[in-house]
Amino acid sequence: FGLKKVQTMSLLDDWLAAKHTPDTSEQATIEYLRLRLSEMNLSWNEDELKFFFISPFVSLIRCWGKGFNTFSQRTIKGVVQNIPMSGRVEVIVASGEESPRHPYFFIHEYKPSVKGSHEPVGQLLAAMITAQELNKTDEHLLGCYVIGKDWQFVVLEGNKYAISDGFVATSFEQLLKIYSALIEVKLYVEKQVQSEKKDTALMVNNKP
944 FGLKKVQTMS
954 LLDDWLAAKH
964 TPDTSEQATI
974 EYLRLRLSEM
984 NLSWNEDELK
994 FFFISPFVSL
1004 IRCWGKGFNT
1014 FSQRTIKGVV
1024 QNIPMSGRVE
1034 VIVASGEESP
1044 RHPYFFIHEY
1054 KPSVKGSHEP
1064 VGQLLAAMIT
1074 AQELNKTDEH
1084 LLGCYVIGKD
1094 WQFVVLEGNK
1104 YAISDGFVAT
1114 SFEQLLKIYS
1124 ALIEVKLYVE
1134 KQVQSEKKDT
1144 ALMVNNKP
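Residue numbering for the sequence shown is 944 to 1151, as defined by the working numbering.
These aren't lab readings, by the way, just hints derived from the structure by calculation. Relax, there's no trap hidden among the hints.
Distance ranges between label pairs, derived from CB positions:
#  : residue 1 : residue 2 : range
1  : Leu-985   : Gly-1065  : 17 to 27 Å
2  : Thr-972   : Asp-1093  : 15 to 25 Å
3  : Thr-967   : Gly-1101  : 33 to 43 Å
4  : Val-1111  : Lys-1140  : 30 to 40 Å
5  : Gly-1109  : Ser-1002  : 18 to 28 Å
6  : Leu-985   : Lys-1134  : 32 to 42 Å
7  : Phe-1115  : Ile-1026  : 38 to 48 Å
8  : Gln-970   : Gln-1024  : 39 to 49 Å
9  : Glu-1040  : Glu-982   : 28 to 38 Å
10 : Lys-962   : Val-1111  : 14 to 24 Å
11 : Ser-968   : Leu-1130  : 19 to 29 Å
12 : Gly-1039  : Thr-1113  : 28 to 38 Å
13 : Ser-986   : Lys-1134  : 36 to 46 Å
Derived lysine-lysine pairs resembling PhoX-like cross-links, with alpha carbons at most 20 Å apart:
#  : residue 1 : residue 2
14 : Lys-1140  : Lys-1079
15 : Lys-1009  : Lys-1134
16 : Lys-1129  : Lys-1009
17 : Lys-1103  : Lys-948
18 : Lys-1129  : Lys-962
19 : Lys-1009  : Lys-1140
20 : Lys-1079  : Lys-1134
21 : Lys-962   : Lys-1134
22 : Lys-993   : Lys-1054
23 : Lys-1103  : Lys-947
24 : Lys-1020  : Lys-1079
25 : Lys-1140  : Lys-1129
26 : Lys-1103  : Lys-1079
All figures in this text were calculated on a predicted structure; none of them were measured in a lab. Glycine included, every Cβ here is placed at the ideal spot set by N, Cα and C.
Given these sequences and hints, build the entire structure.
So, in structure tokens, the structure goes:
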């Protein structure tokens, strides 16, 4: 699809530079989940990783609100460069409260450590370029993929994408950085939803 990987991207750097501090209760939950992951990450299968760690951790962010929600195992379809694209996405944060309308953030998780494999990245980017076509906007898209205990973040802008270094979720300090990155996702999606509402209102007001 003509995508180009770049080594640095300011959008990615700014995203991951954000610092948000969880409250005392959230910190206790994060530490519990970290310890559980440290104990079981080599034993869990894909569903167990998602059920016992990713889902409760992501739920701490409360990435839902007026006009947007977090969805799991939803089908995304589109046509990219005359090629039909379709597949189920692990996690999407999108506008829409009952079904995803415009996707802005994706999580793809993959349990085994697959050295030299680009499957997780390829599947994530496939979903992201399909979302570009659906959204019909130049706004960048955010994503991440999880391999065992390692999280890597991805920004797609136009036909260029950048991938972060890995964050190890069994480290409390790095898990807090993952938490901060996800809080930034929520703030970004809230901004995009507000922009959608303004565009809709403008279209309605400009009708003859």
